[in-house]
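Mapping of the sequence shown onto UniProt numbering: position 290 corresponds to residue 290, and the numbering continues sequentially without gaps.
The set of hints was computed from the structure by calculation and includes no laboratory data.
Keep in mind that a hint or two might mislead.
[Unchecked claim] Straight-line distance between alpha carbons at most 25 Å, and here's what the computed BS3-like set of lysine-lysine pairs gives:
| hint | residue 1 | residue 2 |
| --- | --- | --- |
| 1 | LYS259 | LYS50 |
| 2 | LYS72 | LYS90 |
| 3 | LYS229 | LYS470 |
| 4 | LYS50 | LYS143 |
| 5 | LYS143 | LYS229 |
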Amino acid sequence: MDTPDDSYDEIMAQAGNDGKFQRRYNLLFNFGAICFASMSYMSIILALNKPPHNCFVPGMEQYNITDANLWKNLTLPRETDNRGQLGYSKCQMYNITEQHLQRHYSEWSFASSDIIDCAYGYEYDRTYYDRTPITEYDWICDKGFRETNIFIYNRLGELFGTVIFGHLGDTLGRRPVFYLSILIITVGRLVSMFTAAYYVVFCIAAVVGSLTAHSIFQAPLIIAMEISKSERRGHISMMQCIGWTTGLCILPMVFWATKDWFWALLIVTMPIVLFMFIPRTVCSVTYFTLVLLSSRMDGNPFLNFMYQGLIEVPAAFAGQRAADRFGRRATNAMALCCATAVCLVLVLIVRDPANEMAATVLTTFVKFCISITFFGVNLQSIEIYPTCLRQTGMAVGTIAATIFGIVGPYVVHLGTEYDVRYPFLVMGLSSAVGILAALFLPETLHQSLPNTIEEAQKFGKNQRFWSLPKAPQVTREADSNTDKRHDGSDAKPEESIRLTVPVEAEEAVGRK
1 MDTPDDSYDE
11 IMAQAGNDGK
21 FQRRYNLLFN
31 FGAICFASMS
41 YMSIILALNK
51 PPHNCFVPGM
61 EQYNITDANL
71 WKNLTLPRET
81 DNRGQLGYSK
91 CQMYNITEQH
101 LQRHYSEWSF
111 ASSDIIDCAY
121 GYEYDRTYYD
131 RTPITEYDWI
141 CDKGFRETNI
151 FIYNRLGELF
161 GTVIFGHLGD
171 TLGRRPVFYL
181 SILIITVGRL
191 VSMFTAAYYV
201 VFCIAAVVGS
211 LTAHSIFQAP
221 LIIAMEISKS
231 ERRGHISMMQ
241 CIGWTTGLCI
251 LPMVFWATKD
261 WFWALLIVTM
271 PIVLFMFIPR
281 TVCSVTYFTL
291 VLLSSRMDGN
301 PFLNFMYQGL
311 IEVPAAFAGQ
321 RAADRFGRRA
331 TNAMALCCAT
341 AVCLVLVLIV
351 RDPANEMAAT
361 VLTTFVKFCI
371 SITFFGVNLQ
381 SIEIYPTCLR
391 QTGMAVGTIA
401 ATIFGIVGPY
411 VVHLGTEYDV
421 RYPFLVMGLS
431 SAVGILAALF
441 LPETLHQSLP
451 NTIEEAQKFG
461 KNQRFWSLPK
471 APQVTREADS
481 NTDKRHDGSD
491 AKPEESIRLT
501 VPVEAEEAVG
511 RK
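Between the sequences and the hints, there should be enough to build the whole structure, so can you do that?
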């Protein structure tokens, strides 16, 4: 006996589930809106980038010294950095007294007891940033955890927001939740722009801006999946990935052009408002850690960030091709396997400055693998959950991913402050665990979306573990018949118009 949801799907197929409306909706909301949403969501990472710095020590003019490195050599102690290289201290200086100033600087000598914390403020490398909250309010050294804590608060905001708005998506509706998500993320980012001087308020604004970080992506994607034919699911998910990646590539260029966090945030945040007026675990840890690392690696932080974003374009295409040919499960497992192997290689080579280019290339490849996995996981999670709990189910998965993703900023902090190998070791181990998790999920390729909880409980029970999915013959014949109906070659005009709609189906359509 057909269920109301089955009847709804049949009516959608007859009415047209692959027409101009679906294509326009997908282009507008799953590409355009997501492009701007990704910029607004990720902007906080570049806004809180920590440029190279050291203590400001006055007196260069008194001795007519024009060489900054010579002055640093005289006034700053040496210490070992996170790559094991000897360099100038970032947070300490020599205590220059009146006795030193009365002698020529060539006669100066200091003992370890003369080392003190920065007494006159800090000097920042202004190559890429003229102004950030960190340079304006000195969130470094003894305040260095402020930046890391903000990223943690962001993840906590995502966690609680996903619980709330994931449930609202299935009860209140996808569209209201989408518009509410736009409003909340915009308000959060705008308030944070004016409150950097008040750390607690800035943190609260950052949390508010992250509450709808996942629902703003989930709602339009689920709507598109439910109003389109099953064969278009991979394409729809890929379109959102391309929109996300496009935003990630534009974002660093905006920061590079302005060099000012305030104006950059304003530029990337406001466009998403226009769309209000138009009628996962292992992946999360690795992906978020890679994004944070990209702007903190040696070299141009904006180009590093863009490379990490740009690689998601081929990853989306590769993920779609692999997921539609080899299945979601095999694609996820193979991508995680490659990421694990490359992370282990990075652990061995990343400390050597001579391998900087190789490390950048391999890090980008890890991002490529994780982006493929993100594509497969997002697509698979939509297809596993029943219609009545689809956004709630996705929210639960996102909650689990966000919980583990909370450790990402601390992993990056370990790499930047202690040993650059630590983040890659953590990512490699987490990816290895992810391989096992991916292998035991049911395959969803060529499977009908479950409509009820009972169907979801039975989903995948009869699947073989050591096999790749094949398109059933019935599906291919149905596609052929559907094409003929759309051409009008084998259907009479009356037959294509007259439909018998059960009462249950009418009620189902009303609920949709």
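Taking the earlier hints as the rules, which of them does this structure contradict? Violated: hint 5 alone.
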